[in-house]
Amino acid sequence: MIRVQLPYHLRTLAHCEAEVELDVPAPVTALAAIEALERKYPTLRGAVLEHDTRKRRPKIRFFACKEDISHDSMSEPLAEDIVNGSEPLMIVGAISGG
Amino acid sequence: MSKIRILAGTRKGAFILTSDAERRSWQVDGPHFGGWEIYHMAGSPVNPDRLYASQTSDWFGQIIQRSDDGGKTWQQPGTPAGTPDPGPESPPAESNKFAYDVSEETGKPLTTHQWYDGTPHPWEFKRVWHLEPCHSNADVVYAGVEDAALFRSSDGGENWSELAGLRGHSTGMQWQPGAGGMCLHTILLDKNFPERIYVAISAAGAFRSDDGGTTWRTITNGLVSDYIPDPTGEIGHCVHRLGMHPSNPDVLFMQKHWDVMRSDDRGENWHEISGNLPSDFGFPIAVHAHEPNTIYVVPIKSDSEHYPPEGKLRVYRSRGGGDEWEALTEGLPQENCYVNVLRDAMAVDTLPDCGIYFGTTGGQIYCSPDSGDSWLTVAANLPAVLSVEVQTLD
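Taken in sequence, the protein lines are chains A and B.
All the letters of the first sequence, read from the start, carry residue numbers 1 to 98 under this note's numbering.
All the letters of the second sequence, read from the start, carry residue numbers 1 to 394 under this note's numbering.
Incorrect hints may appear among the rest.
What the hints assert, rightly or not - Here are the computed lysine-lysine pairs in the BS3-like style, where the Cα-Cα straight-line distance is at most 27 Å:
(1) A:Lys40 to B:Lys301
(2) B:Lys301 to B:Lys312
(3) B:Lys72 to B:Lys12
(4) B:Lys312 to A:Lys40
(5) A:Lys59 to B:Lys97
(6) A:Lys59 to B:Lys12
Said to hold, decoys possible - Derived Cβ-Cβ restraints for the label pairs, each shown as a range:
(7) A:Asp68 to B:Gly118: 34 to 44 Å
(8) A:Gln5 to B:Asp69: 27 to 37 Å
(9) A:Ser86 to B:Asp29: 43 to 53 Å
(10) A:Ser86 to B:Ser136: 56 to 66 Å
These are calculated hints, taken from the structure and not from any lab test.
We put the CB at the ideal spot given by N, CA and C, even for glycine.
My request is simple: use the sequences and hints to build the entire structure.
Have a look at this one:
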């Protein structure tokens, strides 16, 4: 079971709390985590990863164990502390706009 | 007794405002989808409680919302919140997926349009600007999107497919964006001729299909745009809005970047009707519900100064289909007013004494219950208003 933290607007779309727990099959990667998130909360499809390309949307970033992994391969295994649930995978919206 | 329902899309959410037929006292419900840009909401002519909304975000993309109870509750079509994944045997609805048609049969080689500097630029979906429900089927709805294309759903917004013949027009690769992006912002459906569709694109121009969107032709003859290299060219005109009265569908009205225009032959030819307007720059144009030759515009000072001339917010009305215009000011601010009225932010109701409505970038919504003679403030402090639609409910 991994923990994923969501920004406000994704919470309102999914009607969920700020942090959700997900079962993610091994190997636990960022892509696998987001796909598990989309399975549990189908209203988030396309809101984190683009529909067609499955790329991270440009104004969204991923943090794991306080490190920015936004530009790492989404197929890389996540850190053990994310996999065992002691640290959350954070989905963060860029701080910009009005 | 009839009721009026205003559907207002704003920079920070959707608002639904209701009144009885007097249109003097309004109840404000919202914001729905607080914090999100709501580019447009529209109700089905077949079932007025069926509403569609375009919810967008530069961060989280495009969301289509649907209500079947007049806006009390909403859901993403086919994917209500909390619905579990149906599994591979039953593919999920894809109400937020607007994929350009790139099939060999219809999509190729529609891969690029022109960027601002004239270089080829790939077509990239950004948002839905306008939703236009069908006159005869509540589950059929059209979406005009940026980068410019027309999509259609026949299942209540659960899935969308592109009418790729529009982008496939011979000029498609030469289309360029306007200042607000390359958006398809106007869709007119001719209820008397269901196969006929008009669209307008900034800054490509205006187009008409007579076969349900399969093939398209430009309808720009007579337009003159001095700000482009070929002022009378087939494309490149920054059309801001088209208007049509359902009883007289061969006549079209246009607010262009500059110039207010009229066509009496379904867009084949246009002539200018700006007449005595203080400025013929502006965004919306609306037609009176019962007088096909009575039209409304909101003059804006210029393309560089998006506010009313002299700081006076004035709607102009022509009762003769253009050329001669009268200023309508009673109840509107006549000093120090520097708001804009965007292209989708003006609408009319169909009560016997036709009501005219518009919203501003300053967050005001105004209503005239007497065809424009006088104006009331419906709401004064909303977020910037992007769109206004009005439903007359029996």
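Hints violated by the structure (listed by number, smallest first)
The structure conflicts with hints 1 and 4, although it agrees with all the remaining ones.
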